[in-house]
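If you read the protein sequences in the order shown, they are chains F and P.
When the letters of the first sequence are read in order and numbered with my numbering, they come out as residues 496 to 856.
When the letters of the second sequence are read in order and numbered with my numbering, they come out as residues 508 to 633.
It is worth saying that the hints were derived from the structure and are not from the lab.
Because the structure is a prediction, the values reported are computed rather than measured.
It cannot be assumed that every hint is accurate.
[Claimed, not checked] Only part of the chain P face toward chain F is listed, based on derived beta-carbon distances under 10 Å:
(1) A535
(2) F544
(3) V550
(4) K558
(5) E564
(6) A568
(7) V569
(8) N584
(9) E585
(10) M586
(11) S590
(12) N595
(13) N628
(14) E630
Just so it is clear, CB atoms sit at the ideal spot from N, CA and C, and this is done for glycine as well.
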Amino acid sequence: MGAKMVEFNGWEMPVEYPASIGCGIVNEHMAVRTGVGIFDVSHMGDIRLAGPEALGAVQHISMNDASRLAIGQAQYSALLYPEGTFVDDVIVHRLGEDEYLLVINAGTREKDFNWVRDNTREFDCAVENRSDDFTQIAIQGPKAVDVLQKLTDADLSAVKFYWATRGTVCGLKNILLGRTGYTAEDGFEIYIPPDEETSARVWYEILEAGKEFGAVPCGLGARNTLRLEGKLPLYGHEISDTIDVWEAGLDRFCKMEKPDFIGHEALKRAKARGVKRTLVGLEMVDRGIARDGYKVLDEGGGEIGYVTSGSPAPFLKKNIALAYVPPEQAAIATTLKVEIRGQGVNARVVPTPFYKRPKKA
Amino acid sequence: MSYPDDRRYTKEHEWISADGTIGITDHAQESLGDIVFVELPKVGTELTKGKPFGTVESVKAVSDVYAPISGTVTAANEMLATSPEQVNKDAHGTWMIKIKAKDPAEINALLSAADYEKFVNEEAGH
Chain F
496 MGAKMVEFNG WEMPVEYPAS IGCGIVNEHM AVRTGVGIFD VSHMGDIRLA GPEALGAVQH
556 ISMNDASRLA IGQAQYSALL YPEGTFVDDV IVHRLGEDEY LLVINAGTRE KDFNWVRDNT
616 REFDCAVENR SDDFTQIAIQ GPKAVDVLQK LTDADLSAVK FYWATRGTVC GLKNILLGRT
676 GYTAEDGFEI YIPPDEETSA RVWYEILEAG KEFGAVPCGL GARNTLRLEG KLPLYGHEIS
736 DTIDVWEAGL DRFCKMEKPD FIGHEALKRA KARGVKRTLV GLEMVDRGIA RDGYKVLDEG
796 GGEIGYVTSG SPAPFLKKNI ALAYVPPEQA AIATTLKVEI RGQGVNARVV PTPFYKRPKK
856 A
Chain P
508 MSYPDDRRYT KEHEWISADG TIGITDHAQE SLGDIVFVEL PKVGTELTKG KPFGTVESVK
568 AVSDVYAPIS GTVTAANEML ATSPEQVNKD AHGTWMIKIK AKDPAEINAL LSAADYEKFV
628 NEEAGH
């Protein structure tokens, strides 16, 4: 489709599709906020845990409480090191009575799989790397449900956010459809057979079905700006093996009342100690764009932190960033500076997420 | 894509006309994607051939713009502070700065339209 490609963790991935077909990051971003966009996210990995003690295994390696999941339900969670820092963030799907699927990041696929396998040996449960068994396509935006409903017999109106179902999609039987995504918008992610012929056929059938809703193909560029507006963390940026759960502000996905999970002890101690840095949202006040890795300065020009992700926000039409700063400088409306090409440019701490999708009437 | 032959080009994807008007090429704007920010030098700034004189930012990337020749800035396009997307719309019709050349002969030593086009195609692996 003439997309600009980039190497991403060993995958050739589209950054953006051409302006000549109505794409480009801004158009792709806006399509997802106002209509629908289609993403090839096959780079995501999948780990299946199945067996009598699958729940125990999932509980041991993840910070959210998987015992609350009904069959067909999913939750945002994370795999932690004993230090309370991140192996990766994941979506945990409960597929069956004793069957779970972890959807993981591209850059951490091998590491995640080895981690899960090595840390669940005590449990009566099979751990399989299913990453190469699916092509994952994300259909995202307020019109995503209308597009996908044209292609499946599953009743999508009955599938709530962060639930999944199975159905026939584009003639393919028993396809997993999850109402999940990484865009801070309503949408679905579907898991289809990985062979090129099937993947390409389904991809073009979805685009065709989406035509009447203005669907466009979307690349990694828009995926990044969409997730940033929604303050969804990206591994290696907002979360990493040196950042813990409290610093990242992911408290509500971490269930400390769970008796034990990897990282629990360290997080208990860290909580008592208090954090030295915390993730805040910044909005540029003066002209300039904060970018990943730029320094954050206090009003006097002293270095106090760094930008984890920064970009123009196409829907909000502001220059926004996420940054780690000391808690004393994290209050909403605090004026800080971002160092851009040697100059301190004024920014303000603002509430996050920057963007929240409107509730359906 | 066609490149007007009333001007010269650089391998860093700038164009410059005989009177010292400078912009970036259509190929450059297309590679950058949606341009959201253009930072230009003040009038009177001395530029050195091959050194960055400004910055162009798209949604996804920050990119330097290099001086095709040495000289002194005589004008900067202020419209680009509020309408940077103009570069996407018409890269060859949207100037960034005008300079007084230190040595006007430097301009003619740059790439012709045909040579630049050949260079772009080779770079893209066509």
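We went through each hint and held it up to the structure:
Because the smallest distance between the Cβ of P:A535 and any Cβ of chain F comes to about 13 Å, over 10 Å, the interface hint for this residue is violated. Here the hint on P:F544 is kept, as its CB sits about 6 Å from the closest CB of chain F, short of 10 Å. Proximity of P:V550 to chain F is violated relative to the hint, the smallest CB-CB distance being about 19 Å (cut-off 10 Å). At about 14 Å, the closest approach between the beta carbon of P:K558 and any beta carbon in chain F exceeds 10 Å, and the interface hint on this residue is violated.
Taking 10 Å as the C-beta contact cut-off toward chain F, the hint placing P:E564 at the interface holds, the least distance being around 5 Å. Taking 10 Å as the C-beta contact cut-off toward chain F, the hint placing P:A568 at the interface holds, the least distance being around 9 Å. This hint holds: P:V569 has a C-beta 6 Å from the nearest C-beta of chain F, less than the 10 Å allowed. With 10 Å as the threshold, the beta carbon of P:N584 stays out of range of chain F, its nearest partner Cβ sitting at about 16 Å, so the hint is violated.
Interface restraint check for P:E585: the shortest CB-CB distance to chain F comes to about 13 Å, outside 10 Å, so the restraint is violated. Hint status for P:M586 relative to chain F: violated, with the closest Cβ pair at about 15 Å, above 10 Å. Hint on P:S590 is violated. Least Cβ distance to chain F is approximately 14 Å, over the 10 Å limit. Annotation: interface hint on P:N595 holds; nearest CB of chain F at approximately 8 Å, less than 10 Å.
Below 10 Å, beta-carbon pairs count as interface contacts, and P:N628 has none with chain F, the closest being about 15 Å; its hint is therefore violated. Contact between P:E630 and chain F, as hinted, is not supported at the beta carbon level, the nearest pair being about 14 Å apart and thus beyond 10 Å.
Checked against the numbered hints given earlier, the structure breaks hints 1, 3, 4, 8, 9, 10, 11, 13, 14 and satisfies all the rest.
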